[in-house]
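Q: Single-letter residue listing:
There are 2 protein chains.
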Amino acid sequence: MHFFEDIDIGARRELGAFTFTAEDIKRFAREFDPQRFHLDEEEGRKSLFGGLAASGWHVAAVCMKLLVADGKRVREEAIARGEEVAVWGPSPGFRDLRWIRPVLAGDSISFGSEIETKRTSEKRPEWGIVQARNTGTNQRGELVLSFMGAKFAERRRKET
Amino acid sequence: MHFFEDIDIGARRELGAFTFTAEDIKRFAREFDPQRFHLDEEEGRKSLFGGLAASGWHVAAVCMKLLVADGKRVREEAIARGEEVAVWGPSPGFRDLRWIRPVLAGDSISFGSEIETKRTSEKRPEWGIVQARNTGTNQRGELVLSFMGAKFAERRRKET
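Residue numbers (the numbering used here), protein chains in the order written: chain H, 3 to 162; chain C, 3 to 162.
One chain only, chain H, in its complex shape (with noise of 0.2 angstroms):
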């Protein structure tokens, strides 16, 4: 995790790839997102989506746990290097979660993560505000997924 003064706009992570198979896609249908499309093939086929389709909110949360596994990687990197490292918050949300194509069974979405804006905080002086653009793309490098994350990131104190 760096520190909000050694955010750079423009950096940009790949998070990895996910494939989501009928499997996944049904148990987290069932749990969160029971639409008969998101449940069963021939439904999703007549649907809109033209085949088994994951719940969008199945493919955020993959996002979601993507980034939290690459910020653990560049944390434990940055402490294998010896720096010092900075405490993230929590995220006060997000904006324009679009999903622009369907997931289907069977495809791989590969995630990515690119800094769009960071500003501080009034209100936490002791806190940044990083804006980052998340994506996802299909094995088609089809757009599938994007929303712009909001975060807290730690600021470095004043040396006295």
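Among these hints, one or two may not hold up.
As the list makes no split between identical chains, a pair holds if one copy fits it or if it spans any two.
To be verified - Straight-line C-alpha distance at most 27 angstroms; calculated BS3-like pairs for lysine-lysine:
no., residue 1, residue 2
1, K28, K48
2, K48, K120
3, K74, K120
4, K125, K48
5, K74, K48
I should point out that these hints are in silico values taken from the structure, not numbers from a laboratory.
Fit chain C to the known structure of chain H by using the hints.
A: Here is chain C on its own, set in the frame of chain H:
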């Protein structure tokens, strides 16, 4: 499920309440959002949240689950009254998801959904697009979650 033409701007549905137990919070976090403040009480207390806090994606997924259950209830009631029921399509995304306050272990969140806008779709004349403001409110009446969801709703076929 109502047809696009029968949906009223301002119509509100109470979706029911869900209590987030520590066990629920940790189970979701282990799978999708394994950050320290979602996994461990003590880490939660030390964080900006001030306690073991549900992943925001968990709160949103529970809202989705209750939206789907409510849709099924509306549909079954309409079928029981002998009415023709519309098909609802998938969601193209949502806007302005905000996690306004933390959801801590033991909090009971009441969810609601209110229709804000509706418009026809040029690309798909057989479908309209309906936007609803979905919210979660805790047991102290404080808003914790808000997002604007969009959904395709079937249009009535013209009588010939």
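Q: All hints, please: hold or fail.
A: Okay, the hints, checked on the actual structure:
1. K28 - K48: Cα proximity of K28 and K48: one copy only (17 angstroms, versus 36 angstroms across).
2. K48 - K120: So K48 and K120 pass the 27 angstroms test across copies only (25 angstroms; inside, 44 angstroms).
3. K74 - K120: Answer is within: at 21 angstroms inside a copy they meet the 27 angstroms cutoff, but 42 angstroms across does not.
4. K125 - K48: For K125 and K48, the Cα distance is within 27 angstroms only across copies (19 angstroms; inside one copy 50 angstroms).
5. K74 - K48: between (41 angstroms within a copy, 19 angstroms between copies)
Violated hints for the displayed structure: none, as all numbered hints are satisfied.
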